[in-house]
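S.K.: Letter by letter, the chains look like this.
Protein chains: 2
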Amino acid sequence: MIKLKADYVLTLNEKYEIIKNGEVVFDDKIIDVGTDLEYDLKEIYLGKNSVIMPALINTHTHLEFSSNYTHLEYGDFMSWLNSVLEHREDLFHGCKSECYKSAIKEMKKSGICAFGQISSTGNDLKYLKHSPLKVVYFNEIIGSNPAAVDMIYQDFLARIEQSKEVKNDKFKIGLSIHSPYSVHPILMKKVIEIAKSEDLPIQTHFMESKAERKWLENGEGEFKIFFEKHFKNAKPLITPQEFIEQFENTKTTFIHCVHANEKELQKINEIGGYISHCPISNRLLNVGLLNLESVKNFSIPYNVATDGKSSNFSLNLFKEIRAALLMHTDLHPKYLAKDLLKSVTINAAKALNLNNGSLEKDKEADIITFRLPNKVEDEELLPLQIILHTNKIDNLYINGKEVK
Amino acid sequence: MIKLKADYVLTLNEKYEIIKNGEVVFDDKIIDVGTDLEYDLKEIYLGKNSVIMPALINTHTHLEFSSNYTHLEYGDFMSWLNSVLEHREDLFHGCKSECYKSAIKEMKKSGICAFGQISSTGNDLKYLKHSPLKVVYFNEIIGSNPAAVDMIYQDFLARIEQSKEVKNDKFKIGLSIHSPYSVHPILMKKVIEIAKSEDLPIQTHFMESKAERKWLENGEGEFKIFFEKHFKNAKPLITPQEFIEQFENTKTTFIHCVHANEKELQKINEIGGYISHCPISNRLLNVGLLNLESVKNFSIPYNVATDGKSSNFSLNLFKEIRAALLMHTDLHPKYLAKDLLKSVTINAAKALNLNNGSLEKDKEADIITFRLPNKVEDEELLPLQIILHTNKIDNLYINGKEVK
Chain A
1 MIKLKADYVL TLNEKYEIIK NGEVVFDDKI IDVGTDLEYD LKEIYLGKNS VIMPALINTH
61 THLEFSSNYT HLEYGDFMSW LNSVLEHRED LFHGCKSECY KSAIKEMKKS GICAFGQISS
121 TGNDLKYLKH SPLKVVYFNE IIGSNPAAVD MIYQDFLARI EQSKEVKNDK FKIGLSIHSP
181 YSVHPILMKK VIEIAKSEDL PIQTHFMESK AERKWLENGE GEFKIFFEKH FKNAKPLITP
241 QEFIEQFENT KTTFIHCVHA NEKELQKINE IGGYISHCPI SNRLLNVGLL NLESVKNFSI
301 PYNVATDGKS SNFSLNLFKE IRAALLMHTD LHPKYLAKDL LKSVTINAAK ALNLNNGSLE
361 KDKEADIITF RLPNKVEDEE LLPLQIILHT NKIDNLYING KEVK
Chain B
405 MIKLKADYVL TLNEKYEIIK NGEVVFDDKI IDVGTDLEYD LKEIYLGKNS VIMPALINTH
465 THLEFSSNYT HLEYGDFMSW LNSVLEHRED LFHGCKSECY KSAIKEMKKS GICAFGQISS
525 TGNDLKYLKH SPLKVVYFNE IIGSNPAAVD MIYQDFLARI EQSKEVKNDK FKIGLSIHSP
585 YSVHPILMKK VIEIAKSEDL PIQTHFMESK AERKWLENGE GEFKIFFEKH FKNAKPLITP
645 QEFIEQFENT KTTFIHCVHA NEKELQKINE IGGYISHCPI SNRLLNVGLL NLESVKNFSI
705 PYNVATDGKS SNFSLNLFKE IRAALLMHTD LHPKYLAKDL LKSVTINAAK ALNLNNGSLE
765 KDKEADIITF RLPNKVEDEE LLPLQIILHT NKIDNLYING KEVK
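Note that the protein sequences, when read in sequence, are chains A and B.
Taken in order, the first sequence gives residues 1 to 404; the numbers are from my numbering.
Taken in order, the second sequence gives residues 405 to 808; the numbers are from my numbering.
The set of hints was computed from the structure by calculation and includes no laboratory data.
Note that the Cβ used here is the ideal one computed from N, Cα and C, for glycine as well.
Check the hints yourself; a few may be wrong.
What the hints assert, rightly or not - According to the in silico footprint, chain B covers these stretches of chain A (three or more CB under 8 Å from chain B):
#1 244 to 254
#2 286 to 295
#3 323 to 330
#4 382 to 392
Chain A with its partners taken away, still in its complex shape (with noise of 0.2 Å):
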């Protein structure tokens, strides 16, 4: 059992108290958070202007593509589809044991404890399988070619397999459908079966660029070409609305949502979905900025994440969050720093559906703790003033244990 003092304590519970010299005391779960708590325990003081708050949860990243640095041509969204394609393997190939460490290793100083890993092949089973930080390992599917839907579902099925067979308390397993335009409705459906039946969280591209809506309202546009150049007269095999209401009764988050229409937020809400927010992806490939304020009207829980390294130069959460404060101009910095802080944490928890992002009883004891430069006078400002500073911590707890 463990007790630490810090100046602040940041519950990010629904109240979202702010705890003045606030203690937490933890095992593997939290056992009590408040002030002058009386347990038998050394009380370990972390210092002037120091912090104790939630672990970060990262949902949504493609560590497979952690080798990129400069390869993908940025500034437009089937460009760099295009070198996707084109530097795939070789990115893959790129990334081996170091490269993942390293991956996580950036991961864990910017106070991540937890993060959502599409895997597109399987082959980075066995470098997540011993990951310091806990993984859920969304098994991806992809591919819209009538011919090939039996033999893309096999290997899938094999895949889920295999990642069933990784058994520790770290390693969670999910799914993930590619995006309305790459995965063929007859797949969708299976994937979503499984889902429901074995109750795992789903994560799934959707609207992501301008040209996903032209190509899946109309067959036209980019896609077209893009299509046409490689599987010869595709079609789009279903509507947004369609795409949407086959969630119902999952857990599933939507990517990205840049360009999703009214209807489509509406939709996504009464499914109970969740959207995962990619600020610097989004502008890498120039697709625009989520509209956040209509996100949040619709009152649908967002969380941020990085995406991969395939639309990042960074994989560090904290900076991701600050990015998102500078980028979102339309909104108070004072509140949308508030919303960011649960972004990161409990809402990213839900989406996840890991039982930690909050400093509360009986939660996983998944927390941070660092020190500002200063002290902070007026409480409101505090989660300003932490997404402006902190760019690494100094202790990361998972399940109670410090991670170094």
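Once you have looked at the hints, place chain B on chain A.
M.R.: Positioned in the frame of chain A, the structure of chain B alone reads:
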């Protein structure tokens, strides 16, 4: 004489030439730039994926505020201004020798060779006169109370004289008129006369907030409350248009301009003015985002600057232009990146009246070198990749001498 060779040499000349496997030969001035240059000199090759480019120039800072981290209130311009008034003396008092050194070190590490310092008191002079980086020291005048005009002016003249006593090749003088709302027109005129007769560059804050426009145009809004509280019965003393016109035939940089309208931008263009853009500062005070597209349409050369730590968490200029790159989601990242590198080199040099900012014969040899994490095939993407991946530089040369 030194000869450096790198995989990429960005000249930042008029043609934006990028030279692969390029070389730069210099002593205190740049002697030659090209490939296979023949000089009787040992060539220093900077290694794989190395870059040589002009050192950066941070046109607008307030180092007097460098001790601020969490004191000032962000999120609202007027609340911030009030918090500045409340904490000003403490913050100034809290920034002495070590504080200035650390601010300069941060700039140096990010590749800055020169900065424009707004000096409101003159107390910073002793800390800056031996700066390893070039300083353009803008003595600032502020005060709109007619009764105090003479006293303010005498103090201002004394500060100019003091700063003139600092004679060295890295220290130059400029003048600053705080803003149209805070300086009496009589003082403005006098200061502009000095600038004209001594050929000194000027900086002035302009249209930073909506409140400024409301006040200048109608004598209304939050500034009315502010002035009535501090000075009783104050009235705006100049219109925005008249204000700009005064700077005809000077070398003036208008700082911020977030709320400048098209007519004002046109006038700034007509008088040959510059604009300094401080995106992080503007965001933290929640005043909005400068319309860079308009600025470009009016052909006004803009530079990007960090502003002071009174409204920023960092003085790193690479981080500032990366923020700008992310924030201006309406502009294409590839082309914006090219512009942003210009903004902190050649454009900034022009605004500060310095003979550097590009790698061209006879320019002062203010040069940085660093390495990218990987090669960049497409030259067009080089500026973007540089901005994404560069946080600190390897070497900084000022007037041809390495500054460590």
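S.K.: What hints, given by number in increasing order, does this structure fail?
M.R.: The structure breaks only hint 1.
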